[in-house]
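Chemist: Chain by chain, the residues run as shown.
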Amino acid sequence: MVGTLGKGSRLERSVNAALHVLGSTVAAATVGLVLAGIGGLVTPAVGVALAVVICLAYGMMELGLITLPLPETGRQVPAGWRYRFPSPITATLYGALLGPGLGTRVAASSYMALLAVTTFASVPLVGALLLGVFGLTRAAAAAIAAQPARRDPARAMSWGYETAARGRLVGIVLTYMIIGALAARAVTHYLGA
Amino acid sequence: MKLLGPPLSRTAPGLLAMAGSLVVGAAVGGVHPSAGMALAFLLAAVQGTWALASP
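Protein chains in written order, with numbering that gives the first Met the number 0: chain A, 0 to 192; chain B, 0 to 54.
Think of the hints as simulated: they come from the structure by calculation, not from any bench. Please read all numbers here as calculations on a predicted model, not as lab measurements.
What the simulated footprint calls covered on chain B by chain A, stretch by stretch (three residues with Cβ under 8 angstroms from a Cβ of chain A suffice, anywhere in the stretch; the number is not a length): (1) 25–35; (2) 41–49.
Have a look at the derived ranges for each label pair, beta carbon to beta carbon: (3) B:29 to A:79: 50 to 58 angstroms; (4) A:17 to B:41: 21 to 29 angstroms; (5) A:164 to B:30: 28 to 36 angstroms; (6) B:41 to A:83: 35 to 43 angstroms; (7) A:6 to B:37: 37 to 45 angstroms; (8) A:143 to B:15: 25 to 33 angstroms; (9) B:41 to A:188: 17 to 25 angstroms; (10) B:31 to A:41: 18 to 26 angstroms; (11) A:42 to B:33: 17 to 25 angstroms; (12) B:41 to A:44: 19 to 27 angstroms.
From the three backbone atoms N, C-alpha and C, an ideal C-beta is built for every residue, glycine too.
With the sequences and hints as input, model every part of the structure.
Modeler: Pasting the structure below:
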């Protein structure tokens, strides 16, 4: 996927990167909108409680204490699309496929905490913005990593692995902070009611 | 999912991060009801950037 973004002239790379980011952001925001809409079917109190429980469960999985299912298939993007479509279309489709983070590999189980907050603790617009930020940063990181990939593909691909431990720790810190913040919000709500 | 690195539950930073983060999160969530959502946006940005670890 990074290879697709790193080939061609400077103009082609820029166009492909922009389309990849656009496809990823729009697809992720759409999924966030739909998830928050579905989560809106339960009352806000039940929604926050569900979000806390799911965040806690997947936060424990991130710590290696339990194992839970993840919305992944073990596959990433179809390699054949590189030969079937022009590179701008391939870059857009790859972005749309990877952006929502569903069905492809899940790098961190704390991603489920983000999905839980999006689904059960957000209104649709906020849900769209939340997953939109995920899709935007995911695609932008790939587009940035793809630039030096022309000269040194191995280094570009290994960047994520080199920073993975720090990323996990930050993910855990934020997940448990969200749990604490949502729980405090629920308690404050009930005490104030 | 294949975990990258050792399970953090066996490391002092992992346990400290969990306990400290809960307390700090509860404190900021008690002060401002939107704190949880602000943290969720930060998590989205971190997760998005780090997703490249699974290219």
